[in-house]
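Engineer: Here is what each chain is made of, one letter per residue.
There are 2 protein chains.
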Amino acid sequence: MIAVILAGGSGTRFWPLSRKDRPKQLVRLFGDRVMIGQTVERLSRITTTDRIVVVCGEHLIDAMREALPELDEDNFLIEPAARNTAPAIALAAMWANHRFPGEVVGVFPSDHFIGAPDRFASAVELASDAAKLGHIVTLGMQPNRPETGYGYIKQGGAVDGAQGVHVVDAFVEKPDHERALEYLSAGGYLWNAGMFFFTPETLMGEVERQLPEMYEGILGIAADFDMPTYDETLSSVFPTLESISIDYGVMENAGSVCVVPAEFAWSDVGHWAALPEIRETDEHSNVLEAPVILHDVEDCVFYSTNDARPIAAAGVKGLVVVDTPEAVLVIPKERCQDVRELKRMFDDSK
Amino acid sequence: MIAVILAGGSGTRFWPLSRKDRPKQLVRLFGDRVMIGQTVERLSRITTTDRIVVVCGEHLIDAMREALPELDEDNFLIEPAARNTAPAIALAAMWANHRFPGEVVGVFPSDHFIGAPDRFASAVELASDAAKLGHIVTLGMQPNRPETGYGYIKQGGAVDGAQGVHVVDAFVEKPDHERALEYLSAGGYLWNAGMFFFTPETLMGEVERQLPEMYEGILGIAADFDMPTYDETLSSVFPTLESISIDYGVMENAGSVCVVPAEFAWSDVGHWAALPEIRETDEHSNVLEAPVILHDVEDCVFYSTNDARPIAAAGVKGLVVVDTPEAVLVIPKERCQDVRELKRMFDDSK
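Protein chains in written order, with the working numbering: chain A, -13 to 336; chain B, -13 to 336.
One or more of the hints may lead you astray.
Unchecked claim - Stretch by stretch, here's where chain A covers chain B in the computed footprint (C-beta under 8 Å, at least three residues):
{"#": "1", "stretch": "198 to 208"}
{"#": "2", "stretch": "235 to 246"}
{"#": "3", "stretch": "278 to 287"}
{"#": "4", "stretch": "328 to 334"}
Unchecked claim - Just a few of them, taken from the derived set where beta-carbon distance is under 8 Å, the chain B residues facing chain A:
{"#": "5", "residue": "Val302"}
{"#": "6", "residue": "Gly304"}
{"#": "7", "residue": "Val307"}
{"#": "8", "residue": "Asp309"}
{"#": "9", "residue": "Pro311"}
{"#": "10", "residue": "Glu312"}
{"#": "11", "residue": "Val314"}
{"#": "12", "residue": "Leu315"}
Read the hints as simulated data drawn from the structure, not as lab findings.
Cβ atoms here follow ideal geometry from the backbone N, Cα and C, with glycine treated the same way.
Build the full structure now, drawing on both the sequences and the hints.
Structural biologist: Have a look at this one:
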């Protein structure tokens, strides 16, 4: 399998740790490596590193290469402009077909958390096998709360000859709270986590049918793979492609879309308050990614890049405190969406 | 008048800004100078700097001299051991009598806030004049809340021939909340702010009568003023003196104690949450002694020693956030008493 890692995220929600030139995929939220490093490591157990390709903007390329020393320099694809996921995935599919003709392609976010790498590998194998049969296959996550921030997948009947794989009855856009509650209680709805599997032939057939202009553009770029003119062609053509997501541009109207219900813990780690989902907490439910001195503190998140200086707190609950060289952030967990606003104000103050 | 500044405070309540070797009197909480610097400046408008003497522990002496360049090196008295206020004041009274015989002595805390220096000067003049008549005179602050952290002074009738000066009916120790409420609604009760005025003769007469052993000890030390043996005598005698406060050891049973009700804003700035009493706040009642980026933040205190790094906060209320090279402190205003506990835990963690 060719593993395509989409690493174009802009990373405002983990400010002041993340920044434009160091988005979430390039920060170390936990463990030894930055998020995309953990993603590559997880995928290295499933495929060989020469089959892993990272798609990102030009401004991130140096940091990406530094963060991912196990990848060859040819295993990075640059997006000269941000055009959402469809053009990036189509280009990566053509790259895969060029390098490893006939192999299945899997698309993965660069900065998500996956709890059980072995179960993840099994799901990828099921999805990959189904993709070989000509389906476009997605992984669906089991919802455990009425989340309004994700798209949902309505799971249909089993697919003949492909165990653990179901027909997708519908892709559902981000619901309101009431509808999310309905999905949760009805069952049979899964979260769309942005992981897709297909053969380049299948995908490009759908792109040709649904997005013919994009198809021509991508083919034009791919014709120059390994040619001295590649960079120039990429720079001139890619920014002209329609900016559209793979979900909206391809999946929703694709001929045969299937889903593999995942059986592993997953989080897109969307903001600071999501850390407790993916990190061990202390006996008072605090996430401690910082030296701390705490007295009567519960349900908080502490993160620091400075090992020599503690964060001291008493009598607080449900608070996020982040200490980086750029700023000290103090925000209640339930207000973490306001981090974007604070970052904007910070940028404006410069 | 001789102004004696008691600067022996240990300063745990403004951690992590204050420390053992940099207690509150030596930190800059607001304005251009550290607290004791502002105290000396205020007193310099009332008396000459050669009449100002600072009493402090040996470990602070270098920092004190640096913070108070306007004082001569002879204008510091060292307490070789902390023995509470009575021995320090008695020693300072003898120093005053030695250097400027016959002048009145005023005793002042080193780290309090006084809102109106001119009114303060007027009150000091009234108190000083009454002290010349042989009274021990204290300044009483008008209470504006049922504070349980201060001692109270029950104000009696006017003193003959001393305008604005009243007899002290009683010194009352720190009351419980209910009693503090009674004092507030009854009126005629003032806060004891630790400012006293007397002639050395009057004070030492009371010390001789009430604390005869201390009297002998202090006289023994004072006999060596300006002698090569002074340091040795001080070091051997002072630590043997009874550790007792001037209030308990002298004032409560003194022959003639009067009070001048103060007409200026005052705060002992007892903890971080007291800053709004003495600082301008923004339109949302926040104290901003730090670069900040705020969104929907009210009634908070922000203090930083790092001008280059902002504190960013959203959706918080009534919180104190302090950023120093030693630690980042996050604590609700109403929990500021827990700063001591955090400091203890911090010291233990070293």
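Engineer: Against each hint, give a clear statement of whether it holds in the structure.
Structural biologist: Cross-check of the supplied hints:
Residues of the stretch 198 to 208 of chain B with a Cβ under 8 Å from some Cβ of chain A number 0, which does not satisfy the need for three, so the listed coverage is violated. Against chain A, the stretch 235 to 246 of chain B contributes 0 residues with a C-beta closer than 8 Å to a partner C-beta. That does not satisfy the three-residue criterion, and the hint is violated. A count of 3 residues in the stretch 278 to 287 of chain B with a Cβ less than 8 Å from any Cβ of chain A is obtained; the coverage claim is therefore met, three being the minimum. A stretch counts as covered by a chain when three or more of its residues have a beta carbon under 8 Å from one of that chain; for the stretch 328 to 334 of chain B and chain A the count is 3, and the coverage holds.
Because the closest C-beta pair between Val302 (chain B) and chain A is about 6 Å apart, less than 8 Å, the hint holds. A distance limit of 8 Å between C-beta atoms decides the matter here; for Gly304 (chain B) the minimum to chain A is near 11 Å, and the interface restraint is violated. For Val307 (chain B), the interface hint holds, since its Cβ comes within 8 Å of a Cβ in chain A; the closest pair sits about 5 Å apart. Because the beta carbon of Asp309 (chain B) sits about 5 Å from the nearest beta carbon in chain A, less than 8 Å, this interface hint is met.
With a least beta-carbon distance of about 7 Å to chain A, the hint placing Pro311 (chain B) at the interface is held under the 8 Å criterion. The restraint placing Glu312 (chain B) at the interface with chain A holds, with a minimum CB-CB distance near 7 Å, inside the 8 Å limit. Because the beta carbon of Val314 (chain B) sits about 5 Å from the nearest beta carbon in chain A, less than 8 Å, this interface hint is met. For Leu315 (chain B), the shortest C-beta to C-beta distance to chain A is roughly 5 Å, which falls under 8 Å, so the interface hint holds.
Figure legend: structure checked against the earlier numbered hints; hints not met, in rising order: 1, 2, 6.
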